[in-house]
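Colleague: Quick note, the sequences are listed as chains A and B, same order. The first sequence begins at 274 in the numbering used here and counts up one residue at a time. The second sequence begins at 5 in the numbering used here and counts up one residue at a time.
Worth double-checking, as some hints may not be accurate.
Okay, the calculated bits of chain B under chain A, using three or more residues with CB under 8 angstroms as the criterion [to be verified]: (1) 187 to 199; (2) 213 to 221; (3) 272 to 285.
Where chain B lies over chain A, by a calculated footprint (3+ residues, C-beta under 8 angstroms) [unchecked claim]: (4) 301 to 314; (5) 360 to 368; (6) 397 to 404.
Everything labelled a hint here was simulated from the structure, so no lab data went into it. All C-beta atoms in this analysis are idealised placements derived from N, C-alpha and C, irrespective of residue type, glycine included.
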Amino acid sequence: MASDDMSGAQAPVVSVRDLVKHYPIERGIIFRKRVGTVHAVDGVTFDLMPGQTLAIVGESGCGKSTVGRLLVGLEQPTSGSVTVAGTDLSTLNARELLATRRDLQIILQDPYTSLDPRMTVGAIIGEPFEIHPEAIPAGKDAKGAVRDLMARVGLNPEFINRYPHQFSGGQRQRIGIARALALNPHVIIADEPVSALDVSIQAQVMNLLMDLRDELGLSYVFISHDLAVVRQIADTIAVMYLGQIVEYGDAEQIYEHPQHPYTAALLSAVPVADPVVQRSRTRIPLSGDLPSPADPPSGCRFRTRCFQAQAKCAEVMPELVASGDKHVVACHFPLEAVTSV
Amino acid sequence: MTPPLLRVDDLHVQFSTRDGIVRAVNGMTFDLNEGETIAILGESGSGKSVTAQAIMGILDPEVASIPSGSITFRGEELVGLPERKHRKLRGTDIAMIFQDALSALNPVICVGDQVAEMFRVHAGASRKSAKQQAIEVMGHVGIPAAAQRYGDYPHQFSGGMRQRIMIAMMIALKPAVLIADEPTTALDVTVQAQIMELLKELQRETGTGLILITHDLGVVASVAERIVVMYSGRVMEQGDVDAMYARPANPYTIGLLDSIPRLDARIGRLPAIPGLPPNLLNTPSGCPFHVRCTRAEDTCRVDPVPPLVEVGPAHKSACWFAEEVYAHGK
Ligand SMILES: Nc1ncnc2c1ncn2[C@@H]1O[C@H](COP(=O)(O)OP(=O)(O)OP(=O)(O)O)[C@@H](O)[C@H]1O
Ligand SMILES: Nc1ncnc2c1ncn2[C@@H]1O[C@H](COP(=O)(O)OP(=O)(O)OP(=O)(O)O)[C@@H](O)[C@H]1O
Ligand code: SF4
Ligand SMILES: [Mg+2]
Ligand SMILES: [Mg+2]
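Based on the provided sequences and hints, a complete structural model is requested.
Modeller: Have a look at this one:
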C-alpha cells in the first residue's frame, strides 16, 4: 500500500462518540410512572471517512435504526456526541444546525410507506428546496432541478407529476434516493434501503448507490441486517448487539476472520447462495433467546448466548480493544486474531 | 408405477378483479415424492403463494378459479374436490405453515393446548398423555422451560418461538405433504437457521414431502433437493438444485443467480436484471420474460409461450434457446 495518507490521515466526515439513547418505559394512564429503561443504543463510537461506506449490522432490535435517527437529528441522544465535518452538533444554534443537517440525508427502508401518497413525485423530491432554496443549482428552477435528480437516479423525468402508487417498489426507492440527493449532501444514511425489494431490483438499487458514491464522492452509513448485501458495499463494518458495538473495523477482515463470537455465529448462520458451498459450512449455534434491551445481562451482553463465555464475562464488561491491525473487538476471549499482510 | 405423492400438472389459477383478470398461475407443473424437499423460488407476485393455496384448497371461490390443470395427491384429484373432503385432507395429510405463525394460531387458546390438540385429534391420545406429549415436543423444538410456558398465549411468544410451535404441531400431525410459505422470512438469520434445521429434522422423522416457498436462494441451497423457478406465474426452469445451480438453462435463472449477493464474496456491482417486474394484468405475448431478457429474439415476443423442454436428467427449461443456454453454461 502506498504511504500517501499515512501521515496526513484524512479527517472523518462524521464522528460519533459514546452515543447513548435510552427510552423510558412508562406505565399508568393518569400518573405516568417510569418503570424501566430500554437501552436502545448504549455507548456507540465510530468514524465515517470521506468517500467510504460504514455498515451497521446486527439483528432486529439491536439499535441500528436508532443510531441512524440520532445521526440525522430525528431524535436527540441521551448522551454522547455527533460531530459532522469537525463540528459537534450540540454546540450549534438552530440556524447553524439546519445548515449542517443539509449535509446529512437519510433514505428509509420502506418505499411503500415513507412517501406521502398525496404528493406528486416532483413535489416529494423537490420538498427540501422549500427550506433550502439556495440548494437549487444556479440557472435552474426547482422543477428543472427535480428533473435532473430524477434522471440521475434512473427515473423518467416525464413522470414528474405522477403519484407514488403509480411506481414499483424499486422505483419508489429511487424517488427516496433522489430526494435525499436534492441538497447535495456529503453523507447519506441509508436505513435498510434494499430490504423490501426483490433480488433483481435490489441489485439495481445497490448498483445505483455505488455509482452515486463514486460519482459524487458520497459517504454512506449503510444500515442493514443482510450481511450478503453489506459485503458488496461496505469498507468498514460495525456489528451491534443489544445497543453496543461488539466488533468494528475493516469489512474484509471481519468477514474473513471474525473475532467476536457473536459476529462468527451471525456469519455462520447466513446461508450462502450456492448449494455446494453451503453444504460444507457449519453453523455455530447460539443458545437461548435474545435478552430484553430493558434488562441487558451484566458484564458482556452476549454472554447468555455465547459459546466462549466464562465467569469473567458476567462480571466485567469487555471494552473494544484492538485485535489484529485493522479492527477492534469487545470480548474477553476473542477468536484467533489475524493480522493482514 | 405408483403415482408421486403430489403431482401438480399444468395448473392455471386466475382471479377476477375490478381491473380485469389476473392470471396468477399459468401452467405450474411439478412432482413431489415422499421425503423430498422441493423449493419454489420466485420474486414477489410470481404465483408461489397462489400455487400453495390451490394445493391446500383455500383459494377464495368468490374471486379465484382454476380454469385448467390438475393437482393429484396419491393419485386422487384435488381440483374440484368438495370442500368437505378438502378440509379433511387439510387437517391430516396436507398442511401448511405461513410466514406469520401468529395468524395461524388461535389467540385465545394457550399455546400448549393447541399443540396437545394435535395429539388428541390425530393420534387419539388421552387428555393427560396429549399434554405430556405436547410438553415433550415443545422442548424438542427448543422452547425453553416448555412445561412452564405451556399455558402462555401466542402473543407472549416471539416470532421465532411461534414458528417453533407450528413445527411442534406438524411433528404431532405428521402430514404427508407440508407446504412452508416463507416460514423464516420475518425472522433474524440466527433464528431462521434454527427453524430450517428443525424443518429438516421433522422431515427426516416423518418422511414428509416438503414444499418450501421462498425468494431466498441461500435458504434453498441449504435445504432443497429440487427447485422450481417461477416468473409471472410460469415455471421457467426446474431441476435438481446442484445441476441447476451449476448449469442453469434459462436466461431468467441466470439473471436471478447473478443478481443475488453472496456472503462469501465481494463482487461489488452485481449484474442486475434490467427493467421492471411483470404486471399480471397485462402480460406480454410470448415468453413473459422477453421484455427483460438479453437473449430475446423475435420468436420470443410472439405466442406461443415456449414450452418446458428437457435439457438434462429431470432438468427442464421454458426457453426457445434452452439447449443453447444450457450448453453454453453459466
Ligand atoms: N421510540 C421508542 N420507544 C421505546 N423503545 C424504542 C423506541 N424506538 C426503538 N425502541 C427500541 O429500541 C431498540 C432498538 O430499536 P431499533 O429500531 O434501533 O432496532 P434495529 O436494529 O433498527 O432493528 P430492526 O432490524 O428490527 O429494524 C428496540 O428494542 C426497540 O424496541
Ligand atoms: N385474492 C386475490 N385477488 C386478486 N389477485 C390476487 C389475489 N391473490 C393473489 N393475487 C395476485 O396473484 C399474483 C401472484 O400472487 P402470489 O401471492 O402467489 O405471489 P408470490 O409469488 O407468493 O409473491 P410474494 O413473494 O410477494 O409472496 C399477484 O399478482 C397477486 O397480486
Ligand atoms: S466477553 Fe465472554 S461472553 Fe462476551 S463474547 Fe467474549 S467470550 Fe463471549
Ligand atoms: Mg431498523
Ligand atoms: Mg407469497
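Colleague: Under the constraints set out in the numbered hints, which ones does this structure not fulfil?
Modeller: Numbers 4, 5, 6, in rising order.
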